[in-house]
Each structure stands twice: as C-alpha cells, then as structure tokens.
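Construct the entire structure; sequences and hints are all you get.
In terms of the numbering used here, the sequence shown has 14 at position 14, counting the first letter as 1, and numbering is strictly consecutive.
Worth double-checking, as some hints may not be accurate.
[Claimed, not checked] Computed cross-link-like contacts, DSSO-like style, restricted to lysine-lysine with a CA-CA straight-line distance of at most 30 Å:
(1) LYS131 - LYS82
(2) LYS131 - LYS74
(3) LYS70 - LYS131
(4) LYS70 - LYS160
(5) LYS74 - LYS160
(6) LYS70 - LYS82
(7) LYS160 - LYS131
(8) LYS82 - LYS160
No lab work stands behind these hints: they were computed from the structure.
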Amino acid sequence: MLALPSKKGSCIFHCPTENLPFVVHTNQRAFRRCFNSVFCISLLSPLAVSILHIAHSIENPYSKGKWTEKSLIKDLLHDYEKRARPVVDNKSPVIQLGDLTVQQITVGFGLGLIQILDLNENEQTLTVSVKSLYRWPDYHLVWNPEEYENITHITIPTDKIWIPDIALYN
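Below, the structure written as structure tokens:
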C-alpha cells in the first residue's frame, strides 16, 4: 500500500467531486474509483500518474494468500452438510447407546487463556478470561495443502460446520 498526503474529500490530488480514501491501495477497486471521475483525470500530473501506475502494478504479497484462503473455504463448504456427522465411513468405531448404534467421534477439549483479570493474593484467587477450544476430525473438511499455497490450518465460523453437542458446566 502506498500512502500519500491528502486533504479530506480528496484522492491523492484535489478531487472535490468524490469522497475518496487517503491511501492508494494496490487493489483495482481503489485504483478504478480514483479514475472514474473525469475531473480528477484532468488534474493528474505526470508524477501522480506514474505513482498510481506503480502502486497499481505492485503485487501485494498478502493479498494472494487471502484469496487462496477464501478459495479454500469456498471449496470446502461447497457441498458441506453441517447436519451430517463427520464420519469417514462405516468402519469407524461404533458405540451402542440403548437401541441406538452410533459412530464414535473423539472430541478433544482445552482452554485458551485470553486475559488475567484479577489476582488476589489474600484470598488466593485468580480470575481469568478463557475461551474453550474443541478439536475433532471432520473428514469432510480435508484438502491438499500443496493446492492452496501450503495452508494447513484455517478458521471457519461455527455456524457453517458441524459442531458437537457439548456443554461445559462449572
């Protein structure tokens, strides 16, 4: 990203017809927004044109990974059914619950420390903020990392995938 000084309501140069950002991004949308105004084009100096061209042509090393991750998530969730338990096949371990036979899914549990809120030495109490961490295999969410720039871990919102029915009681 290339940052240039600017006044409010302007793009790199004086452009009162649009409220454009102060920064020229390397993405095409910001570049196009600047050039959509005929008034702005008439005020461009050769230096500003050169800077805009360079900023537009520079490849952002972070943008490629971002699009790769979006593509991966889109591919994984394309035919994903969040109501179906994530078992690989009928050969998975089976447990009997009364008249019901179900495949076992092993769920790991842990706590992640977010923040220490209070430490009271007199009462010998520690108050913390934690998040619960669950881990289980979901055989429907498997990919080849080599096809997605070696991405090995992603975060998917829980409303998009199957989650186990687990309640933590204190």
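*LYS74 and LYS160: Cα distance at most 30 Å?*
Holds. LYS74 to LYS160 sits at ~11 Å (cutoff 30 Å).
*Are the Cα atoms of LYS131 and LYS74 separated by 30 Å or less?*
26 Å, holds
*Hey, LYS131 versus LYS82, does the alpha-carbon distance stay inside 30 Å?*
Holds, because 23 Å separates the two Cα atoms, which is no more than 30 Å.
_Check whether the Cα positions of LYS70 and LYS82 lie no farther apart than 30 Å._
19 Å, holds
*For the pair supplied as a hint, LYS70 and LYS131, is the alpha-carbon distance within the 30 Å limit?*
25 Å, holds
*Holds or violated: are the alpha carbons of LYS160 and LYS131 at most 30 Å from each other?*
19 Å, holds
_Hint check: LYS82 vs LYS160, CA-CA at most 30 Å. Holds or violated?_
With a Cα-Cα distance of about 7 Å, the restraint between LYS82 and LYS160 holds, given a limit of 30 Å.
*Starting from LYS70, check that the Cα of LYS160 is at most 30 Å away, please.*
14 Å, holds
Every hint from the earlier list agrees with this structure, and none is contradicted.
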